[in-house]
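*Asks:* Take these sequences, add in the hints, and give me the full structure.
Those protein sequence lines, which keep their order, are chains A and B. At the far end of the first sequence sits residue 798, using the working numbering, and the numbering has no gaps. At the far end of the second sequence sits residue 798, using the working numbering, and the numbering has no gaps.
Hints may contain errors.
Just so you know, same-sequence chains aren't split out, so a pair can sit in one copy or run between any two.
What the hints assert, rightly or not - Here are the simulated DSS-like cross-link-like pairs (lysine-lysine), alpha carbons at most 27 Å apart as the crow flies:
1) LYS749 - LYS532
2) LYS759 - LYS499
3) LYS532 - LYS759
4) LYS759 - LYS471
5) LYS532 - LYS499
6) LYS771 - LYS656
7) LYS499 - LYS749
Calculated from the structure, these hints are not laboratory results. Quick caveat: nothing in here was measured; it's all calculated off a predicted structure.
2 protein chains.
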Amino acid sequence: MQTLTVNLNERSYPILIGENLLHQPGLILPHLAQKQVAIITNTTVAPLYLDTLIAGLALNDVKVIPIILPDGEAYKNSETLNLIFDALLSNRCERKTTLIALGGGVIGDLTGFAAATYLRGVPFIQIPTTLLAQVDSSVGGKTGINHPLGKNMIGAFYQPKLVLADISTLSTLPDRELSAGLAEVIKYGLIRDLPFFEWLEQNMEKLMARDTVALSYAIKRSCESKAEVVAADEHESGQRALLNLGHTFGHAIESGMGYGNWLHGEAVAAGTMMAADVSRRMGWLDDKAVTRIRSLFVKAGLPVDAPDLGANKYLDLMGLDKKVEGGRIRFILLKRLGEALITADIPEQTLRATLSETVARV
Amino acid sequence: MQTLTVNLNERSYPILIGENLLHQPGLILPHLAQKQVAIITNTTVAPLYLDTLIAGLALNDVKVIPIILPDGEAYKNSETLNLIFDALLSNRCERKTTLIALGGGVIGDLTGFAAATYLRGVPFIQIPTTLLAQVDSSVGGKTGINHPLGKNMIGAFYQPKLVLADISTLSTLPDRELSAGLAEVIKYGLIRDLPFFEWLEQNMEKLMARDTVALSYAIKRSCESKAEVVAADEHESGQRALLNLGHTFGHAIESGMGYGNWLHGEAVAAGTMMAADVSRRMGWLDDKAVTRIRSLFVKAGLPVDAPDLGANKYLDLMGLDKKVEGGRIRFILLKRLGEALITADIPEQTLRATLSETVARV
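*Replies:* In structure tokens, the structure reads:
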């Protein structure tokens, strides 16, 4: 098992990465304020891992309230959030009751937001069971829900007490979800870690074959990056925004196609190709670099052509991005492989060219 | 105009108290991150003060988005919160758009919670127009909404950038609302400020007659108390809970009678008499002290007899209180006039005696 730390003074917390961690309740116990937890999970993950987690906690006299939600991005909304509140209140969960998120990014974001707002804040623990959640969404305290007008529009910055990434849970992950997680892994290489990007070029087959050593390394390196960025800029007043490479385009894809039709990681991959194309048009990336990015996404089983929503629809959806300032969309682009930048100075015709030329004519 | 400060390091903010402050947009402008604001108010307050506020801001090139909600505690819920989000999103409000709460406690709590969670947090300003909001709810960053199973169960600690208490707005306040505000004013005397309690005994007629000097003093002294307590314990891990004198009983009254039927301040007054009765039974207050408290509430036009919900119903509703720990209700009681304490050690028979003997046989 490897241990990393997210350094945020009194809100610092560990990330534990390893195999079979779900079978070790002793890793969780020291982080509970009270021997009562509510485990929030979904109908897909519950049959796989809920009993194991409950059994270990119950053996240690922890009272467990399981809350099982429907599965999918389409349920990351205020109705589902209210289901959590109803269950917490009817079970009389208290300010020292710890919420445990057992699942992927949707479960983590919903649970974190419930924890941030139930009784004005209760402790929570992330147990991510997808690659995407293990390398990205479970770390850093971004929580929230979608709104019909935009993704993650309602939420809070609220840090967990512990992130427990059990690599063994990836054995049951569908291939499509594995690929989606790799999109965020590749992101770290692109924005700040060229050696890692090159390592990924060399080792993508191993990752796709779920080689435990390779996965473990990729998760650790990704979490290190995420922890560093979050520690330096918890509330995204600056550099943290760089983690959103491909996300402004990607969120427009997810929202424009209907939540859940494109997985988040898939939309990020196609969105990153759009960002790379803008970066090329701006003269920062050459054709060869764009091809390398494209090839890596393809190797990872990810889509590289965004859906053709029409440039106007894209511009409209992107105008709702959380990074918009003074009415101007701020883009995360690539200065070169391994270095990102944030800018609002993109000529509209450049943007329109990308939005109409990089899409797939379905 | 008087200026107080809530000291919370980088989140410190001023409380301005005075007459005709709504006519002075210059007090607000320095606190805006961007020349765009959304003013959240209700159908009662809007016709009285919204135009004045908008006009002053518009003269200074501030773009204003007004959001007018239905009035009343019954609307402090997730549906109304969603109305705010819908309006903010459809008007493309950004992370630097400031939300302004123009109204009483319900508007302040709703707006604060919307600000805490819209785009994971945007700045907000409190412009309280009721006495209760000016002396209590607008200061200290407690925000939130009710849930059918309990009051203020969903929310966040989120501090405003400015509190602007324009005493002139109290001229249009209904008598019943003025009295409700006085319940929280009296609270500060009871829990930590005996000289203020005695001042209130001497000056209640002036306050009821809306004497500006007396009101101004009472508001300033209340805000000083609140600011001190909040600065010492922002997230209510200790002493801040003392501000909840009468509130555990009071929330049960409000929820048990249906939100909006008893005003919050009315429920706090009757709830405080219950707390005083328990304190008397514990041997901390003598009959004379209880009578003094009762007389002061009566002078303030407040109810002193709680509704007879039945002891079991009270115990059930109070078991949902946010201060419950390990299944035990924690009560704020009076050690003596001017000093409160928090305890879970109240014999059930004592509590049941209070719950069945201090209520009005309606």
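*Asks:* Evaluate each hint against the coordinates.
*Replies:* Against the structure, the hints:
1. In this homomeric assembly, LYS749 and LYS532 come within 27 Å of each other (Cα to Cα) only across copies, at 24 Å, whereas the closest approach inside a single copy is 45 Å.
2. Proximity of LYS759 to LYS499 under the C-alpha cut-off of 27 Å is restricted to the inter-copy arrangement: shortest distance 19 Å between copies versus 41 Å within a copy.
3. For the homomeric pair LYS532 and LYS759, the shortest alpha-carbon distance between copies (10 Å) is at most 27 Å, but the shortest distance inside one copy (34 Å) is not.
4. In this assembly of identical chains, LYS759 and LYS471 lie within 27 Å of each other by CA distance solely across copies; the values are 17 Å between and 40 Å within a copy.
5. In this assembly of identical chains, LYS532 and LYS499 lie within 27 Å of each other by CA distance solely inside one copy; the values are 13 Å within and 43 Å between copies.
6. Proximity of LYS771 to LYS656 under the C-alpha cut-off of 27 Å is restricted to the intra-copy arrangement: shortest distance 25 Å within a copy versus 55 Å between copies.
7. In this homomeric assembly, LYS499 and LYS749 come within 27 Å of each other (Cα to Cα) only across copies, at 26 Å, whereas the closest approach inside a single copy is 49 Å.
When the structure is compared with the earlier hints, no violation turns up for any of them.
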